[in-house]
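Student: Letter by letter, the chains look like this.
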Amino acid sequence: MTSRIRWFASCALVLALAIGGCSGQKKADEIVIGEYGSLTGNDATFGQSTKEGVELALSELPEGKLGGLPVRCVVEDDRGLPEEAVTVVKKLVSQDQVCAVIGEVASSRSIAAAPVCQEAGVLMISPSSTNFKVTQQGDYIFRMCFIDDFQGTVMAKFAALNLKLTKVAILEDARNDYSVGLADIFAKAFVSLGGTIPGKVQAYNAGDTDFRSQLTAIKAMNPQAIWCPGYYTEAGLIARQARELGIKVPLLGGDGWESEKLLEIGGEALNGCYYSNHYAADNPDPRLQAFLTSYKAKFGKESDAIGGLAYDAAKVLFQSMQTLQTLDAAAFAGLGSSKAGTPARREATKKLRDIVAGLKDYPGVTGVITLDSNRNATKPAVVLEIKDGKKVYNTTVNP
Amino acid sequence: MRQLSWFAGSLVALWALDRLLPRVLNPYALQIVMLCGVNVMLAVSLNLINGFTGQFSIGHAGFMAVGAYTSAMFSIHVGQPWVASMVALGLPAPVAQGAALLVALLTGGAAAAVAGYVVGLPSLRLRGDYLAIVTLGFGEIIRVVITNVNAVGASRGLSDIPHWSSVFWVGLGALTVVLASLHLAGSCHGRALFAIRDDEIAAEALGIDTTRYKVLAFVMGSFFAGVAGGLFAHDQTYLNPSTFQFIKSIEVIAMVVLGGLGSVTGSVIAAVILTLLPELLRPIKDLRMVIYSLMLIVLMIVRPQGLFGSRELRLPWRRRTARPA
Amino acid sequence: MSEFLQQLVNGLTSGSVYALIALGYTMVYGILRLINFAHGDVYMLGAFFGLFAARALHAGVDPNPVKALAVLLVAMAGCGIAGVIIERCAYKPVRRSPRLSALITAIGVSLLLENGGRVVFGADPKFFPQIIPSRIISLGGGVSISNQQIIILGVSLTLMILLRLLVKHTRVGKAMQAVSWNPTAAALMGISVDRIITFTFMIGSMLAAAAGVLVALKDPKIEPYMGMLPGLKAFVAAVLGGIGNIPGAVLGGLVMGIAEVMVVGYVSPTYRDAIAFVLLIVILLVRPAGILGRNTTEKV
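Those protein sequences? They're chains V, E and Y, same order as listed.
Position one of the first sequence corresponds to residue 1 (this note's numbering), numbered consecutively onward.
Position one of the second sequence corresponds to residue 1001 (this note's numbering), numbered consecutively onward.
Position one of the third sequence corresponds to residue 2001 (this note's numbering), numbered consecutively onward.
To be clear, the hints were calculated from the coordinates, so they are not data collected in a lab.
All figures in this text were calculated on a predicted structure; none of them were measured in a lab.
Heads up, some of the hints might be wrong.
[Said to hold, decoys possible] From the structure, some residues in chain Y lie toward chain V, with a derived Cβ separation under 7 Å:
#, residue
1, Gln2006
2, Asn2010
3, Ala2123
4, Ile2136
5, Ser2144
6, Val2261
7, Val2264
8, Gly2265
9, Pro2269
[What the hints assert, rightly or not] If we take Cβ atoms under 7 Å as the criterion, some of the chain V residues that face chain Y in the derived model are:
#, residue
10, Ala203
11, Ser213
12, Ala217
13, Ile265
Using N, Cα and C, we set each Cβ at its ideal position, and we do this for glycine too.
Start from the sequences and build out the full structure, keeping to the hints where you can.
Tutor: Okay, structure coming up:
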């Protein structure tokens, strides 16, 4: 009998803790923004770079305040899983009650989490998700980068016109929208320029470590290059294994290759390969160089394009909030944490959205950003070559 | 008559909760409540297979996946257009959505039941460890197949599922599974299942059709898992095959084992505890799975029968049978 | 034709790794009738121990065969100890319990190793240094093999032969066989069943560690969850060959490796993970004892 009572008591306690844990506490008014990314998992450098870029932008706010209110960023890890991205964004939106969210890098995760932000009327700025569908999820969803329709065409043109290739095999990552979408776009563009895609499109799943079967099949097709629009971890391993199998042709990739770990993983196997990116680190542009210097000073390592784009995303957000305060201080107050859940907040985020949507000629470190009617940025793409173990600038392609 | 009034009363209570909870709790807490309900359904349905019948099935996530995807596809392609046309004709939206959800859930459950039949049949020849691995294998095969079917979004996932789940539906689902299980346990069919669990050869010798009952357990268990999957799908509005990996099956097993194999109340309470615990531990959530695994090990060494063993919680004022003098 | 031969070479290499892991499974099952779910995670531990050893010895920076061998031995030793600890702490208490409890304990240990590994080592993948630099050797006809693959085949074969010698020609080996036939009778014969069981676990774990290091050589990305799926596939390989049967495990591993590679290369790479389980279901329906196994009758 007593053990049964004990059971009831402990269950009640657990429930009480749960409900207690869910209610918020009263704090001083502040602006809370959220950032979500893959801090752990297969493509962990994406999440880490995003976090660092946002942190750098935050540290540049005078006294950490905007319009008199302190700014705080809640960082969540989605472990590289789309459904985890949904859960953490739900938490950011409902529990932390953020007024804006920065994220994600991977298109699959942005697409999964975007409806949550759209439904709640919270802005979402993706630093570098390039799949077309991301901004289609709603008018509160923005991105700071170009889209794959552009990127795929850029690389197809590069392959056909610069490298003069006519036969390119494709090895895509079946697990994410980005890779599949980019592979499709490249294929269409390449074919329309007179090239051919021999054989079947080969695929792997992100997280695989052995690509020898797919590469053996590709070798039998005898292509002049392999289009490999996946993320950096697999790209590096694929390059290594390709060379082991005696495949000597170059590999081509997209901005998913952009990571400081790419060369560590791929090593010499990546020499002679090309990929498209948002900027080149050796671009002498003063804004970019200043950013790279302060990033290195703060974090002790080189930034990658993801960090730069996250920095731009955060700066754009802050600048827009500042504009809102100047234009309509009463509405700006709605962004404060004390107004969370009230109509004033909805009003504020709506006005903020309109300001961000009208972004024109913003001088970002990753280039001049103008958002078009689909809330995508029209920016040039840069093609990088890997030579002697270093990323070297090759060409710029303008939209 | 008494049972009917109990049931009607529960429906009213659920409806009231459905109105009340969204006002009291924020969306995040509400989601946890929904997840509790889904996990209760999963745990109790697995208890039917593992606890009542003693068949060690560790591929439950596969059945949930089948139910989730089937009901989601049904809703997207058939349910939603139907609801739109009904609303245009003047039917109030919640009613139309509720009806569409019910049909979608039953479809998902039926598909999962078919999967349960397919898994159950060949597994009949196998015992213990082999059965476990085969069910695990089926769960993985189902997941890999889903990853390869582009029509359901393959490994990129299925989105735009209509958000029709609510506290009412999840509560109703959980209630149904629990009542069905308790009813089964008290019936002669339930006794046959227990007999098979205790000593299959003796049961066979006594004339119980073990084949039929084992398949029945699988089919029933997977049906309810499928319905749970459907409710899950219509709450999350997005499905990804990586949700249904082996780990998910383990989480359900942990619930059944913690509660006590064979105890319905045990499964319910353990499901609630194991849903709330990770959320409460979110600050140290890195250690969540470490704690889970330690719990499993310690439990097996110290108290392998779980919280309730195979007993149920009896409400003290409902003593039905008179004691012999 | 050269594509087929190349796939065959790839298949043999990954098959020999599965075989090494399967040996550990089959030995433990033969003695304890327990599917040691944690075995795949011991394989993962082996890869990580190897990583730390390689870093400590700077084997990646200036590689030489002696250092590489040292890395392998350190990993094997480390996992041997880990195997003994797991057996003593987690499996011994449930030895007399029903099989279900033991299985759940095994699952618990597996999860503990995986998640504990994630907490201790970090969840992002680490890169195993090239302790033996890769060189391509052309076998003619468009087929090539890397020296790493040759080393994998060689080391696996050596270890398997050593194991067979151990089991067939030493006293300890005979004791292991006796315990797997009938533990009670073996105890009556004066064999310390406890010690034999611990010894078996140790040997099995050492083999898994070797597999871990070899795989890390070939596919240098290692992370705490890397052992789950190969572990399951190796178990299927053991069942395929006949569980409890050592040559069976080797055969099963090779068949599994080749089947996987063929399906990935010729049918579709995304079905890779399902193949193992399809094979399992087929073999359990058609010939439950496995290719080299014996049919045992169940006494009522």
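Student: Under the constraints set out in the numbered hints, which ones does this structure not fulfil?
Tutor: Violated: none.
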